[in-house]
Amino acid sequence: MNIFEDIRKIIIDVAISMGIEDKNILNKITSEPPKDETHGDIATNIALLSSKILNKNPKEIAADIIILIKKNEYIYEAKIAGPGFINLYLDKAILYECCRTVLCYKNKYGKSNYGNLEKVNIEYVSANPTGPMHIGHARGAVFGDSLANLLEYVGYHITREYYINDSGQQIVNLAKSVYLRYLEILNNKKEIFKDDLYPGEYLIPVAQNIINHYGDKFLNSDEIEWLDTFKKISISSMMDLIKDDLSSINIHHDVFTSEEFLKSNGFIEKVVKILNENNMIYEGVLAPPKGLKKEDWKSRPQLLFKSTAFGDDVDRPLKKSDNSWTYFAVDAAYHYEKFLRNYSSIINIWGADHGGYIKRIEGIIKSFPSSTINFDVKLCQLVNLNSDGKPVKMSKRAGNFVTMKSVVDAVGADVLRFIMLTRKNDAPLDFDILKVQEQSKDNPVYYVQYANIRINSLYKKAISLGIDLNKDIDNIDFELLDNTFELNLIKIISKWPRQVEAAAKANEPHRITFYLNDLASAFHYSWSLGNTNSELRYIVKDNIKLTTARLSLAKIVKIILFSGLSIIGVKPAEDLS
RNA sequence: GCACCUGUAGCUCAGCUGGAUUAGAGCGUUGCCCUCCGAAGGCAGAGGUCGUAGGUUCGAAUCCUACCAGGUGCACCA
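Counting from 4, one number per residue, gives the positions in the first sequence under this note's numbering.
Any given hint could be a false lead.
[As the list claims (entries may be wrong)] Straight-line C-alpha distance at most 25 angstroms; calculated SDA-like pairs for lysine to any residue: (1) K31 - L106; (2) K544 - T487; (3) K114 - F565; (4) K574 - A465; (5) K544 - E482; (6) K38 - K427; (7) K558 - L106; (8) K74 - D9; (9) K55 - I15; (10) K427 - R501; (11) K114 - K427; (12) K427 - N446; (13) K266 - S170.
By construction, these hints were calculated from the structure, which means they are not laboratory data. Note that the coordinates shown come from a computational prediction; the quantities given were computed from them, not determined experimentally.
Generate coordinates for the entire structure from the input sequences, incorporating the hints supplied.
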């Protein structure tokens with residue numbers, strides 16, 4: 004049940020009965036809560052939209068509509084406002100019906116078939132398998148996973164995917180770094196790690212593991228003899244490490260696609276063939292980049308993709324000077340492989356530093372024959388990690404960057420996940436390890452969780468008073484909930500399905516967090532009224548009917564809190580601890 | 001130099017994809033509300049020409065253009 008959609012259908016029926024059949028107009032009809040609550044429950048723009056087609060001024064049309072729409076039992080008042088808006092005032096009955104619906108559907112309230120079970124692929128994290136996850140990875144991870152939950156909630160079929168960059172020079176460097184650790188252990192002396200190697204101590208156990216299996220077999224051998232073995236073991240160890248990290252914040256991918264696999268199974272050749280057939284590839288010479296000094300620039304003909312046809316700055320090379328494929332060529336192959344899997348949407352979650360990469364990949368996808376696929380890239384901005392207001396220093400070079408695991412150990416997975424969604428993805432985020440652990444309203448995690456805790460304490464008290472918490476829905480007198488604070492709370496609850504759908508349409512899971520904050524705020528307010536007036540408490544002595552109704556309202560709040568928190572992947576806190 | 005992102009209250013940010021009367025929160029600030037049994041909370045006040053200038057329209061923080069400021073990225077690396 005989505006009140007706004009229900010009313011919208013009623014408005015559309017009225018429009019049709021007045022002879023408005025243009026679908027362009029019908030689709031634009033709004034049914035939304037006005038900013039100011041004194042202007043009613045729902046505002047619609049129908050009269051403004053139809054003034055041209057009916058050749059009348061909007062206010063006249065509005066007057067006609069009002070007569071028709073007031074016949075509906077749920078609308079007790081309708082007023083013209085401003086240039087021709089219609090403000091609708093809903094009968095409280097519809098709000099009480101909403102309460103019953105929530106209790107009846109419980110955690111299914113707000114779920115929908117909006118997505119029609121269409122297949123959506125969300126690729127997120129995809130951290131290079133060269134070390135543990137750091138705090139920056141965590142943002143994309145939480146964002147992607149919560150978006151997946153959100154889209155699932157509104158009826159999409161989601162594939163959670165991870166792209167493993169298990170190829171190229173960085174993997175050679177990884178293997179070399181492990182080899183140095185191998186030498187260190189066997190020779191018992193320190194080695195020097197050059198700039199592009201990985202000096203982190205997390206590679207020591209990997210080397211030890213190799214020693215356990217192979218002993219000193221590779222001690223005095225040439226690189227060609229040990230490289231492949233070291234690569235293979237290092238990659239799988241690093242992926243285990245990363246999967247453990249992900250698991251600690253409850254993230255589990257369905258599909259891991261390997262770059263090496265795409266390379267060795269002919270996908271690059273396939274995508275190049277397709278692009279060639281569609282005339283998107285040519286042999287050409289790129290101009291040197293302007294305004295940037297590139298000393299080693301050499302002008303030469305290259306195999307290029309026409310990404311400028313899609314708004315990119317320059318066409319992008321598919322082959323390097325040594326005639327091997329570029330990273331971009333493999334990525335094109337990857338997106339072709341995803342394309343073959345028949346998704347209706349492909350969503351990529353990337354760090355903001357990859358912004359310049361979007362257009363060329365978008366171009367690739369649009370180049371596929373009869374491609375109707377939706378493609379969206381969500382960029383996650385930096386996370387500034389602080390401790391009590393002071394920045395935590397990170398030095399990747401020294402190998403002591405702040406790992407995600409250390410933050411999870413400090414604050415817990417729930418707090419980490421929540422905080423990561425307290426900003427929209429394209430705004431930078433400040434994360435203060437100490438402040439997020441405070442138990443106060445300054446801490447958004449705690450503020451929302453405390454609402455749930457208070458509801459639990461209500462239950463405990465109710466049970467001790469012998470009140471039946473599982474009364475038949477039909478026997479609950481919601482009509483007794485007639486105070487402003489109660490009605491406001493119900494109105495916020497009635498907006499839940501609408502909020503979820505809007506968040507899903509925009510691929511913006513942070514909206515769920517903001518909604519939860521609003522809901523918690525309305526609940527805390529309603530609770531605080533009981534401080535000064537015991538008649539306004541949730542549990543009112545000697546009034547079992549009112550108490551039951553209010554406890555049911557609290558239960559509804561708890562249900563929505565649960566649903567919202569589960570989308571962002573956070574467990575509700577049950578008590579103070 | 002080019003592309004993308006951002007610019008809303010002293011600070012940190014929302015703003016439901018074009019809606020209106022008074023642009024909203026939190027922090028900070030100024031006041032107020034418990035003789036612990038519901039204050040880990042609540043209420044109220046002050047604080048804004050929505051970066052600037054044009055444009056589109058019945059209507060713009062939201063769309064378009066140009067500028068300004070900050071961030072990110074700019075053959076063949078991944």
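(request) Please name the hints from earlier in the document that this structure breaks, with their numbers sorted from lowest to highest. (result) Hint 1 is the one this structure does not satisfy, whereas the remaining hints hold.
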